[in-house]
Structure formats: structure tokens, C-alpha cells
Amino acid sequence: MNKKLINKAFFLVFTLTGIVFINFECTDSTAQGVPDVIDYNFHVRPILSDRCFACHGPDEKKREANLRLDTEDGAFAALQDNPKAHVVVKGNPQKSDLFQRIISKDTSLRMPPPNSNLTLTEDEIKIIEKWISQGAKVKKHWAFIPPEKSPLPKADKDWVNNEIDYFVFDKMKSLGLSPSEQVDKESLLKRVSFDLVGLPPTIEMQEAFLKDESPEAYEKVVNQLLKNQHFGERMALNWLDIARYADSHGYQDDGLRTMWPWRDWVIHAFNSNYTYKKFITWQLAGDILADKMKWHPKAKEMKLATGFNRNHKITQEGGVIDEEYRVEYVTDRTNTFGKSILAMTLECAKCHTHKFDPISHEEYYGTFAFFNQVPERGIFGTIDASFADPPNMEIKNEDVKSIFNFINKKDTTKLQVMIMKDSSVLQPTYILERGNYDSHGKVVDFTTPEAILKFQNYEKNRLGLSQWLFDAKNPLTSRVYVNRIWDQFFGRGLVKTTGDFGMQGELPTHPELLDWLAADFRQNGWNIKRLVKQIVMSSTYRQSSNVKKEHLQKDPENKYLARSTRMRIPAEMVRDHVLSASGILNEEIGGPSIKPYQPKGLWEVATSGRGTLATYVQDHGKDLYRRGMYVFIKRTVPPPAMLIFDASNRDQCEVQRTRTNTPLQALAMLNDPHVLESSRVMAQEQMLKNIKIEEALENGFRSIICRKPSKKELMILLSYYEDEKAFFKNEPKKTLALQKIGEYEHKNVKDLVGFAALLQTYQMIFNMEETLIRV
Amino acid sequence: MENEFLKNRLNVNRRHFLGKAAVGLGSMALGSMMMPDLFKTGDLASSFPLGLPHFAPKAKRVIYLFQNGAPSQLESFDYKPMLNKLAGQDLPESIRNGQRLTGMTSGQSNFPMVGSYFKFNQHGKSGAWISELFPNIAKIADDICIVKTMNTEAINHDPALTFLQTGAQVGNRPSMGAWMSYGLGSENQNLPAFCVLLSRGRGNGQGVYSKLWTNGFLDSTHQGVVFSSGEDPILYLNNPEGTDKTSRRRMLDKLAELNHLGFDQNADPEVEAKIKQYEMAYRMQTAVPELTDLSKEPDHIIKMYGPDCLVPGTYAANALLARKLSESGVRFVQLYHQGWDQHGNLTGEMPLQAEDVDRASAALVTDLKQRGLLDETLVIWGGEFGRTNYSQGKFGVDNYGRDHHPRAYSIWMAGGGIKGGTVYGETDELGYNIIKDPVHIHDFHATVMHCMGLNHEAMTYKHLGRRYRLTDIAGKVIPGLLA
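Protein chains in written order, with the numbering used here: chain A, 1 to 775; chain B, 1 to 483.
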């Protein structure tokens with residue numbers, strides 16, 4: 001009946017939201033309002049890049065009217081059609097064609113043209129006008145200028161603890177914000193524990209920290225955690241997303257692969273505090289280095305590290321064209337290199353010159369050339385032909401006893417891992433026209449994007465590529481890593497787009513701090529643990545995360561760090577937390593991936609029926625209780641509970657996960673057998689202690705929430721417990737069903753009704769909002 | 001973070017969907033499933049959903065009956081008697097014209113053409129030629145639009161499927177359903193906007209993979225949720241043994257008390273969002289099983305879809321479930337039916353595959369039509385590419401196989417925005433090349449989006465500096481397919 005009305009409403013609302021959307025999108029890339037002094041890097045280029053470069057930028061094949069705005073020469077050039085007029089005339093917006101075009105009412109002249117679906121806001125037009133009036137100064141892109149330390153700004157001496165705080169304090173003051181109080185001790189311990197080892201602090205750790213009133217108490221804890229072997233696991237977690245690690249080959253038949261010894265190496269590298277330079281150099285070029293240093297005791301380890309570049313997907317589909325897929329693998333390595341280490345969207349230059357950043361089509365293939373030397377096949381064989389396609393290396397049983405004592409090999413079967421290797425004869429690399437594997441253009445030499453740093457006097461192989469990365473003049477390498485670590489500890493990078501430092505990326509919120517940290521990191525030998533300690537020792541890190549009104553008004557996203565950010569822990573750590581709090585976590589490090597409880601038929605329903613991974617065979621015993629990072633990842637059917645909590649599907653390199661909050665997460669926490677089993681075991685153990693119920697409730701709460709409950713909270717727990725007890729009194733069947741949950745040892749408890757009620761109460765605590773929050 | 005525009009929009013949707021109340025539960029809380037991006041953690045700017053169509057949509061919902069493995073067009077909808085006449089003769093090089101071959105036939109010394117073993121007849125007012133393998137689809141010839149000129153560049157399953165579902169052969173881009181969820185949200189606050197149903201036939205099969213229903217760079221709330229018509233329709237939906245609905249309610253009430261205490265302390269808006277998510281989860285626990293329970297469907301419906309529809313996990317059961325989900329407001333229901341990869345023994349396998357899907361596919365269209373829903377529901381039936389006009393392996397007129405063929409293949413569409421009773425496009429008399437009105441994968445996407453009221457060039461998502469589209473950098477709407 002009211003279909004028409006609804007349609008009208010649809011339209012009305014669409015119109016409104018359309019406007020809002022555009023506005024939001026614009027504030028995304030520029031500061032609010034029009035600043036007094038216009039800075040090219042911070043105010044002008046983001047607008048030009050986002051709305052103009054696609055047609056007036058680096059890509060000469062798509063360049064309209066022979067006009068480019070991404071270079072200084074281009075911006076001040078005479079017009080093609082009218083040599084007397086110029087694109088930009090310094091100090092004179094009225095004579096600048098650029099300005100005339102963006103304010104033109106004539107749709108045939110107006111820029112950006114209507115069919116681009118792009119527009120400029122009033123403020124953006126004013127910014128361009130003001131920039132021209134103020135002399136139209138052009139600067140080099142900020143990320144391409146090597147970082148240097150600037151002097152520390154003034155700050156409140158009572159608040160600052162290290163250099164980080166000076167920069168943060170200065171920024172927040174300038175926005176009218178002031179630091180939050182230091183977080184309470186219990187929350188601080190939970191925070192630093194999850195951040196450094198990915199596990200909750202035990203009640204004993206909580207007690208010890210609360211008791212220690214010395215000024216060094218916190219630093220002692222930090223030092224202990226940095227030495228803890230789980231530190232390597234926590235740090236590896238993010239690297240596995242970047243490295244697109246998985247336990248299967250990934251395309252449709254999706255057979256087993258054995259790359260886990262490489263994962264053991266990553267954990268080992270972080271625990272041994274390998275410098276970032278060594279960490280990356282070995283992964284990029286360990287094979288070349290090892291060949292040069294055959295005498296080196298760790299030569300074989302260097303080769304293992306190169307597994308990084310073999311973690312991409314590999315097809316096993318019969319009938320594919322070999323070269324098509326071989327090229328795909330080289331492409332994947334090239335793009336991963338760009339995104340993970342340089343934070344540049346190299347992949348945008350695969351088919352044509354980059355639309356926004358100064359990366360030419362030829363430079364893309366010049367970088368591609370480094371990864372194009374591997375003696376490999378697009379398809380080595382169909383399903384189960386190999387768990388480690390050549391080139392590969394064997395990890396012998398005697399290696400595991402000596403040089404590879406960090407590899408958790410559990411049996412004596414043959415174990416192979418894919419690694420990198422260059423062919424003995426140089427393979428020519430061609431530009432691939434439009435990115436097509438069979439459209440060869442001209443041959444290119446090894447190179448990298450010159451706008452970042454010219455590739456000269458380095459070896460022409462992957463080792464040279466690594467030398468280029470760690471050249472003191474490379475402006476990106478240290479900035480990108482420091483930023484990623486910052487993102488890990490604060491939930492938002494100083495540059496929000498951790499994978500894009502190009503023209504279309506976000507600008508740094510604290511450019512001086514980013515540069516200071518980047519320069520400091522490099523000057524101190526790329527020492528990762530040192531960087532991490534610097535961050536967690538800062539006053540910035542130790543602030544309370546309670547949200548105040550002024551925060552929501554002035555800085556809802558917490559860009560300026562006048563508080564700490566409450567963050568939901570990553571998918572793998574959700575599992576770790578549940579198992580650890582209940583005391584059933586198996587803390588073993590490394591080794592092959594494990595198959596925990598999964599919903600019935602998970603793999604069967606999607607498989608072609610071929611290969612060892614056609615059916616899901618669940619593990620039993622201790623393996624059921626290992627950390628989330630060891631849960632088997634079959635790429636075509638990744639573990640569902642992990643995806644529900646925003647884990648990567650490991651299809652491609654991923655540098656940033658989103659953090660969502662959904663009903664499917666609620667269902668997983670309420671009904672996943674792992675959570676239920678943990679509640680069951682916890683209830684069972686507490687019941688066997690014969691302690692007062694208040695104490696049992698408090699113990700559970702402290703294990704899960706990592707702080708003592710308030711009186712009010714304890715009262716709610718107690719009243720729920722009593723209600724459940726009354727309920728279960730008349731429900732012997734239900735009590736029995738709860739008792740049977742999970743495979744972990746079942747012990748006899750006398751008071752089954754009390755046990756069932758306690759189990760439900762723990763289950764409720766596991767579902768509290770605070771449980772999965774790094775406070 | 002109240003926002004006037006947003007509030008207004010939610011209210012509009014609220015009125016709209018309360019009116020339908022198809023699930024039978026009028027419960028009203030708004031969760032992330034309805035406006036999926038609302039509760040995303042992080043900044044508001046990038047999480048603002050597009051939300052609504054660009055222009056009046058013809059279709060509000062899509063049901064995509066994906067025939068996974070690539071059914072042969074030459075035994076279904078593209079009638080080529082010439083191939084029967086020329087049976088056994090080598091395909092002329094002038095026709096093949098440089099088409100690359102898969103590794104499965106590239107070693108073959110000749111390419112003997114082979115015609116359909118199955119008979120074709122004309123059906124409906126349009127006189128569409130449909131093979132005897134699909135008697136029920138033949139009966140709805142006047143409701144469907146057969147497109148004989150679909151074409152793609154991919155020649156292998158994985159890239160072809162990925163292309164059709166995400167607009168690119170490789171890469172982790174969002175699936176069609178994820179785009180629709182992102183752009184249009186869900187009509188039903190108790191159900192995901194994008195649901196996936198899986199089944200397998202008796203023919204040679206290729207696997208499916210979650211990449212096909214991935215959210216890609218969009219929020220994971222836009223990921224397809226796999227449904228089954230079995231015991232646990234959605235993963236983790238059912239309460240464990242020993243916990244019933246009343247127990248769950250008691251827990252959630254106390255849980256909310258505890259969470260409110262936390263909020264008093266930290267004042268983080270995420271806490272309130274979390275409480276809402278738990279309430280929505282609770283409602284889903286009732287709404288979803290109600291919906292997936294097919295046993296209460298009336299007899300005439302069971303008869304229409306066939307007795308298989310009462311067997312969980314069959315194509316027929318999924319087709320019926322798809323109707324129920326769609327009717328309840330699920331924006332995009334994606335079925336996959338495996339088993340269509342007839343490299344050999346086509347004459348043995350294809351009748352079995354057709355038998356599995358023919359009746360239920362036709363029933364779905366008829367069922368929607370009878371409910372007055374076909375006008376606003378777009379139904380799509382088809383695979384990822386076609387099959388060669390020559391035999392793979394040993395040749396025999398009654399026993400042959402066909403390799404992958406990307407240059408031309410057939411699908412059909414029906415309902416919302418599509419011109420029923422038409423046959424679009426023509427292939428040459430050997431069924432190898434297109435001679436009139438090609439429809440590329442990108443064009444197909446552009447057209448589907450058009451039916452949904454979306455401009456494929458305007459609906460973009462900025463990720464790592466680039467504005468991505470389902471249609472990548474190409475695609476045009478095909479007016480000839482539109483009603």
C-alpha cells in the first residue's frame with residue numbers, strides 16, 4: 001500500500017546520506033577547516049592526489065591534456081591549448097587555470113569532471129586558492145624525505161617518562177587536551193601482558209605486582225615479559241599475516257604444505273631479538289648470504305628464513321598454464337615486498353604506471369626482476385604431489401638437535417620446507433603489458449622506484465635489494481616498521497594506513513615523533529626489543545583508557561593519545577585467553593599446526609574430495625589446548641571462529657586487521673565448545689578445592705578479567721550463582737550434560753548442582769565485555 | 001556518536017521492514033547486521049555505509065544459483081545441430097583462432113567436434129531451445145532470459161570462479177554479495193545480509209572456497225555467512241546441551257548488569273554496542289531455526305521442489321531455503337552446487353546433475369512468482385565458463401567429454417528488472433565464438449548492480465589509496481537484458 005511512500009523515503013534519505021558521505025570522505029584526507037598557513041604536503045597534495053592524479057598524475061598513458069599536477073614542473077607549466085596561460089600562477093589564483101577549473105560552473109570545464117564521480121568541498125577549494133595566493137610552494141612527499149631527529153618540544157616534566165611523551169604531550173596540548181591519569185596497576189599488568197606475550201597475567205602475577213611497591217616494579221615486569229618465550233609468539237602473530245602464512249597451498253584443491261618450521265624460525269628470531277635488519281635481510285636474501293658465507297654456523301638458518309617468499313598460494317589445479325601461475329607467484333612476492341616493508345602500493349604499477357605515486361610501470365618490473373629468478377614451476381603437481389615444492393630444503397633430524405634446536409619437530413618423518421633460490425643463469429625480466437603474463441614488452445634491469453631512493457652500487461640480486469632497504473638514506477624502511485609496531489601497541493599507527501605511505505595514504509598525526517622514532521631505531525641498530533620497551537615504558541602508554549567527555553568531543557578516534565585505547569584482542573588471543581585463564585593452555589612453542597574442535601563437516605562440505613585435507617580429523621589430548629596461532633589454516637576453509645574475530649584468511653599479505661563487534665562473535669563466545677570446556681574445567685578445579693563460593697567466584701573473575709571484582713560485581717555473580725543453583729536442583733539431566741563437555745580430564749565432583757551453577761557463572765564472566773578487551 | 005542523518009535512515013528502514021515482519025518476530029533492535037558498519041571500531045568517517053541505492057531499484061534481493069564446475073551450454077541452452085552433422089571432424093583452426101587451451105587438452109593432436117547427445121526442443125512464446133535434460137526449466141521459458149553470450153578470460157576453475165564472484169581473477173577482493181551487503185545493508189535485523197548455501201551433485205566436482213564469499217577489504221560483517229538446513233544452521237548458533245532458552249536469558253540479563261557497571265567506569269561506547277550484539281545473537285537463536293525449518297512447508301511446496309527438499313544439504317533443500325531467506329529480507333543468497341565438470345563421461349554425468357537442479361530451480365522461480373516476489377527478486381542460474389565444442393579425450397557420439405571454454409557460454413536470469421521470455425546474444429553455428437551481443441563478466445556485474453539500483457561506477461570503496469569497484473575498470477550495463 002505504501003510502496004510509493006517508501007520509495008520516496010528511500011530517495012530522500014539517499015540524498016541526505018550522499019552528502020554526508022562525500023563530506024566525510026573529504027575530511028578523511030584533509031584537516032578540518034582552512035588553516036592559516038597552507039602546507040603543500042599536509043593540505044594540498046592530499047586533495048590533488050585523491051581527485052586529480054588519476055588523470056593528471058604519473059601515468060603518462062592516461063594523462064589528459066598532457067597536464068600533470070604531481071610534479072613541480074607540471075604544476076607551473078603552460079597549458080597545451082593556450083601557451084599563454086598557466087596551470088598555476090604563483091600568488092594569483094585568478095590567473096591559475098587550476099583554480100578557474102575547480103570553481104567553474106560550466107560542467108564541460110569543471111574539474112573534476114562530473115563523470116568521475118569525484119568532487120571538491122568548499123573548504124578544499126579554499127585551501128587550493130589560499131595555497132596559490134600564498135605563493136604555491138611545492139614540497140617533496142613527506143615520506144620520501146629521510147627521517148631526522150628534531151629537538152624535543154617542551155613538556156610537563158612531571159608527566160613525561162621518555163622522548164615519546166614530549167612529542168605526544170606537545171601535540172595534545174596544542175589541541176586543548178591533557179594526559180589521562182596513569183592506569184591502575186591491575187589494568188596496566190593486563191595491558192602489558194597481552195601486548196608483550198599475548199596472554200593474561202595469572203593471579204600469582206597479579207598478586208606479586210600489587211605487592212611490589214618499588215618504583216621499578218613495572219620495569220621489572222616489562223623486563224620479565226620481554227625475556228619470556230611467549231614474546232616471540234606475540235610478535236610473530238602480526239608477521240604471519242604479513243607473510244600470508246598458511247598450512248595449505250591455497251587454490252582450489254588446496255593440499256597440505258609444511259611451512260611451519262619457517263613459523264618456528266620467526267618466533268625464534270623475535271625471541272633472540274634479531275635486529276630488524278637481520279630479520280628482513282635473511283628473509284629476503286638468506287640463501288644468497290648463506291652461499292657467500294658457507295662457513296657460517298647459521299648458514300642453513302639463513303636459508304630457512306627465505307621461506308617468507310614462498311608462503312604465497314600455489315595452484316594444484318590440473319590443466320592450468322604453467323607460466324600464468326609462475327608469474328602470479330612472482331607478482332605476489334613483489335606486491336608483498338612493497339606493502340609489508342615499504343608500505344607502498346607497488347601492485348598499482350603492475351598493469352600501468354602508478355596513478356598516484358611516482359612508480360613507473362618499468363620500475364615495477366625492475367623490482368619484480370629480483371623475485372623472478374627462482375627455478376620454480378607454476379604447477380609442480382596436482383594435489384598431494386608435494387608438501388614443499390622445489391626449491392626446498394630438508395630439515396634433518398640431527399639439525400633439530402643442533403642448529404635448528406628451535407624447531408619443534410615431533411616425529412622422524414622426512415620434513416621439507418620451501419625456500420628461495422636463484423637460477424644459476426640470469427633470467428630476463430620483461431615488462432608485462434597490461435600485466436598479462438604472455439604480453440612481453442622490453443627487457444628491464446634490476447631496479448626499485450627511484451623516487452624512494454636510487455638503486456645504484458648495490459648488488460643486482462635480492463641481497464642488493466636488502467642493502468637498498470637498509471641504506472641510511474632509505475626514507476621508508478624504519479618509518480614503516482616503527483609505525484607498524486606503534487599500531488600494534490596503540491591500535492592506530494602514527495600513520496593510520498600502515499600499508500600505504502604514498503600520496504593516497506593518511507598523513508602522520510605526529511610527524512616529528514614518527515621521524516624521531518624512525519631515526520632512533522636505525523641509529524640504535526634496528527633493535528626491536530629496545531623499541532618495544534621504549535613504547536611500553538612511556539607515560540603515553542601507561543595512561544588510563546577511561547573515556548571522558550572531552551575525549552569524545554575533541555578526539556573520538558583517539559588520534560592524539562590523551563588516553564589509552566581499549567582494544568579487543570586479536571582472534572588468536574581470544575582463544576589463548578580462554579584456555580590460559582582456565583589453566584588448560586598447553587604452552588608448548590612451535591611445531592606443526594593443530595586441529596582443535598571444529599563444527600561438523602567443516603572441510604567436507606567444501607572439498608572436491610581429493611587429497612589429505614578433504615576431511616577434517618580433529619586432534620586429541622594436549623594438542624587440543626595449544627595457542628590460537630597454531631590452529632591449522634586451510635586457506636579455502638579458514639578456521640571459522642578466527643574469521644569471526646577478524647583474522648586474515650591468509651590469501652594475500654595483510655598489514656592491518658579490522659576490529660568489528662558482531663552478534664556472530666557473541667554466539668562464538670557463548671557456544672564454542674572451547675569456552676564451555678574452559679568454564680567446565682575451571683568450575684571442576686575450584687569445586688575440588690573445597691573453598692567458599694565467594695572465593696571461587698573471585699578466583700574465576702580474577703583469572704578471566706585480570707582484576708579483583710568490585711563489591712557490586714561480586715554481588716551480581718553471587719546472585720546469578722544462587723539463581724542457577726536453584727534452577728539446576730530440578731534439572732539433573734542438564735547438570736549431567738554440562739559435566740560432559742569437552743575431552744579435558746573429567747574429575748568427580750560431589751556437589752553437581754553447585755558445579756553446574758559455577759560453570760554457568762564462569763561462562764558468563766567469559767562473555768563480559770571487558771574479558772576480551774586489552775584495557 | 002549520534003548522527004542525524006543516520007538516525008533518520010534507520011527509522012525509515014525500521015518502518016519499512018516492520019511492515020514486512022516476515023520472520024514472524026517483530027523484534028526491533030538494530031544491530032550491525034542491519035547496518036553493518038555502524039558498530040565497527042575505529043573512526044566514523046571510513047565506516048559510514050553507502051546504505052542506499054543510487055536510483056530506484058528493480059530488484060531488492062538476489063538469489064544466485066551457482067552451477068559450480070561449468071555446465072555445458074551445448075547440452076543445455078545453446079542448440080547447435082551443426083555439431084551433430086560435423087561430429088568427429090576436426091575443429092578448424094580459423095574458428096579456434098588462437099584461443100589458449102588448458103593443460104588438459106593442449107596435448108591433444110586433434111579436436112573432434114561433437115554435438116549434443118541430448119535432444120533439444122523449442123519452448124514458450126519465445127521459442128527458446130532448451131535440452132531435454134531440463135524439462136522443468138523449459139516450462140518457465142517465458143519467465144527467464146537466456147544469455148548465450150557470456151564470456152570470460154579465465155580458463156581454469158579457480159580464477160574463473162573468483163572472477164565471477166569478485167570481479168578479479170586473483171586477489172582478495174570482496175564478493176558480489178559482500179558488495180551488496182556493504183552498499184545496501186540487510187532488510188532483516190535478525191539475519192545476515194549475505195548468506196551462502198552449499199550442495200554437491202553426482203558429477204565430477206571442484207571444491208568451493210570461502211574466498212568466493214569473502215568480504216575482501218570490506219569489514220568482516222559483510223562476509224557471507226554459510227547456512228545449512230541441518231541441525232546447526234549457523235555456526236555456534238545452538239545453545240549447548242544443558243543450556244536452554246530460559247537459562248540463556250537469565251545469563252544475558254546478569255551479563256548486561258555487569259557490562260553496565262563496566263560502562264559506568266570506562267564510558268566506552270563500544271560497551272553498549274557489545275550489549276546490543278548479545279541481544280541480537282539471542283534473537284537470531286530463535287529467528288534462524290524458525291526460518292531454516294523446512295518441515296512445516298505445505299505439501300504443494302514440497303511437491304513443487306521435489307521430495308529432495310526435505311533432505312538437508314541437497315540442492316532442492318537449499319533452493320527452498322534460499323526462497324525463505326530471501327523472502328525474509330536477506331539481500332544476497334548465494335548457492336553453490338558442485339559437480340558440473342564433465343571432462344569425460346558427459347553423457348553419463350550430466351543427466352544426474354540436471355536431475356538434481358532442474359526441478360528445484362524452476363520451482364524457485366515459480367514459487368517466487370506465486371508469492372508476488374519475483375518482480376523484486378533477481379534469480380541467476382549459471383556456471384563460471386562454458387565447455388568446448390570438441391571432445392576431450394576419446395571421441396564417441398554417445399560418450400564424450402568437454403574441456404573448459406571461456407569464449408561463450410550460457411546462463412539464465414529471471415525476475416527483478418530482467419526481461420523474461422527472451423534469448424539474448426548469438427554464437428556461431430559451431431557454438432565456439434560469439435557473433436552477436438557479447439556479455440562479459442564485467443557487463444554481467446554492471447547489469448546485476450543496475451537491477452539493484454546501483455551505479456557500478458559510483459559504488460566504490462577506497463582501500464589503500466585506490467577506489468575499488470566490483471567491475472574493476474570496465475563493464476557496461478546491457479540494456480537488452482532489462483525489462
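Source of the hints: derived by calculation from the structure; they are not laboratory data.
All residues carry an ideal CB built from backbone N, CA and C; glycine is no exception.
Among the clues, some could well be false.
Derived coverage of chain A by chain B (criterion: at least 3 residues anywhere in the stretch with Cβ under 8 Å from a Cβ of chain B; other residues may be distant) [to be verified]: (1) 69-76; (2) 141-150; (3) 207-221; (4) 247-255; (5) 635-648.
Covered stretches of chain B (chain A as the covering partner; in silico rule of three or more C-beta atoms under 8 Å from a C-beta of chain A) [as the list claims (entries may be wrong)]: (6) 70-82; (7) 108-121; (8) 134-146; (9) 169-181; (10) 362-372; (11) 429-436; (12) 461-475.
Cross-check of the supplied hints:
no. : hint    : in the structure
1   : 69-76   : violated (count 0)
2   : 141-150 : violated (count 0)
3   : 207-221 : violated (count 0)
4   : 247-255 : holds (count 4)
5   : 635-648 : holds (count 9)
6   : 70-82   : violated (count 0)
7   : 108-121 : violated (count 0)
8   : 134-146 : violated (count 0)
9   : 169-181 : holds (count 3)
10  : 362-372 : violated (count 0)
11  : 429-436 : violated (count 0)
12  : 461-475 : holds (count 4)
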